[in-house]
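For this one, chain A is given, so just place chain B on it according to the hints.
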Amino acid sequence: MLYAILCYNHEDVVSAWSQEEEDRVMGRLMRVQDGLAQQGRLGPVARLVPTTAATTLRKNGDQMLVLDGPFAETKEQLLGFYLIDCENLEGALDVARDLAKANPGTGSYEIRPVLLFHPNEGGLKVEAA
Amino acid sequence: MSELAWIDAALTSARPQAVGALLRHFRDLDTAEEAFQEACLRALKSWPANGPPRDPAAWLIMVGRNAAIDGIRKRARHEPLPDEERISDLEDAEEAVAERLDGEDYRDDVLRLLFVCCHPDLPATQQIALALRIVSGLSVRQIAKAFLVGESAMEQRITRAKAKIAASGAAFGAPGAIERAERLAAVAAMLYLLFNEGYSAEADTAAARRPLCDEAIRLGRLLLRLFPAEPEIMGLTALMLLQHARSAARFDAEGQIVLLDDQDRSLWNRPMIAEGLALIDKALRHFRPGAYQIQAAIAACHARAATAADTDWRAIEALYATLEHIQPSPVITLNRAVAVSKARGPEEALAMVEPLGERLDGYFHFHGLRGALLLELERKDDARIAFNRAIALANTAAEAAHIRQHLDRLAGDATARKGAAG
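Listed in order, the protein sequences are those of chains A and B. Residue numbers 368 to 496, in my numbering, belong to the letters of the first sequence in order. Residue numbers 111 to 532, in my numbering, belong to the letters of the second sequence in order.
Chain A extracted, bound-state conformation:
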């Protein structure tokens, strides 16, 4: 079974870390990742740019609304994610609009630029359920 692990934390606390603290945390996280990678159990890993860089596309029927900031509603749940390559935010919004059109009813798409990305290609030796 493949699992996605989504990481949540206090962004303002994390961004108040000193460089040394940041390096220490990253070092410990890398050790966890290395262990998984050696066992062929690690897929793509990404760290996102802070939520201040986030944009949200909200769809309500045929209406689409672009909002600055991260997804803030609590009535909808995270159902999946895409990783796409785009020239800029406008390109990413176009893709989100296509996805929104393909889906019926309401929905929200939070668009977050990716800061660090390790594809770990071929690293994953398990197939999705």
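Hints may contain errors.
Label pairs and their computed distance ranges (CB to CB) [unchecked claim]:
(1) 159/B <-> 443/A: 36 to 42 Å
(2) 376/A <-> 380/B: 18 to 24 Å
(3) 284/B <-> 434/A: 23 to 29 Å
(4) 466/A <-> 438/B: 44 to 50 Å
(5) 434/A <-> 367/B: 38 to 44 Å
(6) 450/A <-> 424/B: 30 to 36 Å
Don't read these hints as lab results, they were simulated from the structure. Note that this is a predicted model, so its numbers are computed, not measured. Here a beta-carbon is modelled for each residue, glycine too, at the ideal position from N, C-alpha and C.
Chain B alone, transformed into the frame defined by chain A:
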């Protein structure tokens, strides 16, 4: 991360909200600061034992407020004090405060806290020092170190600034829409001053001043979270990120300044650039251009160029022209002339620079650029005169050293010519 380091980071990040709310409550900076200090002391005792609260800012506001009220009662010798448990174990109350924090109050609290530091009667350096003390919670010693002055001098400066604010009767009411926009603009200007105080440093003081840049960026992000749809705040934060991203490449091993064109771009901080570019992208969608956005867009042109030769100077020139239009200033024209010289050659640039002489005669960069353009046009004697003017006006040893290189090269040329003639 050790528990203590986590608590320290949590206290730092909660500080603007907490002190802002306490200031609204007590309408007095000293009381608000003391209340926060007391809450921090109690947090250091309580959090390791009971675990950190779900919302640190709400906890600190509630505990700080109760502690300050206790203090006031104690001094007034009023009724008996409520016991410790009442303030250390009130999850419901904490939740109620947390809920209120989501509202507009919270946003205006932080803005007010930053805004009181921007009082127009205070000189710029005092505004910044005060913001670092009150909003960021840096110690007087840390601030003095960053400003390269003695601790007692800085202490005095901050005390005087606080007294001035207390006497002026700062704006404690909830701001209307126009007032809020004005406050936001004043705060943005103060943050950029803070950033520049840290940025325009020489190599040997760069490390000491760096925290000023970090702090300006942190406060920029904070403002963005509170006002997520303000393109100028996006622009300001992007501008600071994109400039700060280059800091590791700005000085060579000898401490000489390295100009943008000559910088080792592999030393640029890629995560900061990514964040800055993403913010510019967001800002552009609003079609409400402003000075910070345009300057950030210029910095973005440099950040996007893989090598100096790849720089899109035409785009940069167009951006400077727009900036000149909304914020006319001879310094901006001077910067535009740099772009013109790269895009279309030194002759046109010099024609743009010459008329600025009257207003920029006392400005280092004017004579420096003029000298460089004259040198490119092979007018060596004129170049030498311009460089000599520049070196006399240099603000830092690094600036002087940079001009000295040009002069030495010119002197070398002259000797070589004489040698050839003889």
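*asked:* Does the beta carbon distance between residue 376/A and residue 380/B stay inside 18 to 24 Å, or does it fall outside?
replied: For residue 376/A and residue 380/B the Cβ distance comes to about 22 Å; the hint holds.
*State, for the Cβ atoms of residue 434/A and residue 367/B, whether the hinted interval 38 to 44 Å holds or is violated.*
Because 42 Å falls inside the window, the suggested range holds.
_Outcome of range test on Cβ distance (residue 159/B, residue 443/A; 36 to 42 Å)_ = holds (38 Å)
*Given the hint of 23 to 29 Å, check if residue 284/B and residue 434/A actually sit that far apart at their C-beta atoms.*
Given about 24 Å between the Cβ atoms, the range holds.
*That 30 to 36 Å hint for residue 450/A and residue 424/B (C-beta), does it hold up?*
Between residue 450/A and residue 424/B, where Cβ atoms are some 34 Å apart, the hint holds.
*Do the Cβ positions of residue 466/A and residue 438/B conform to the proposed distance bound of 44 to 50 Å?*
About 45 Å separates the Cβ atoms of residue 466/A and residue 438/B, which means 44 to 50 Å holds.
When each numbered hint is compared with the structure, no violation occurs for any of them.
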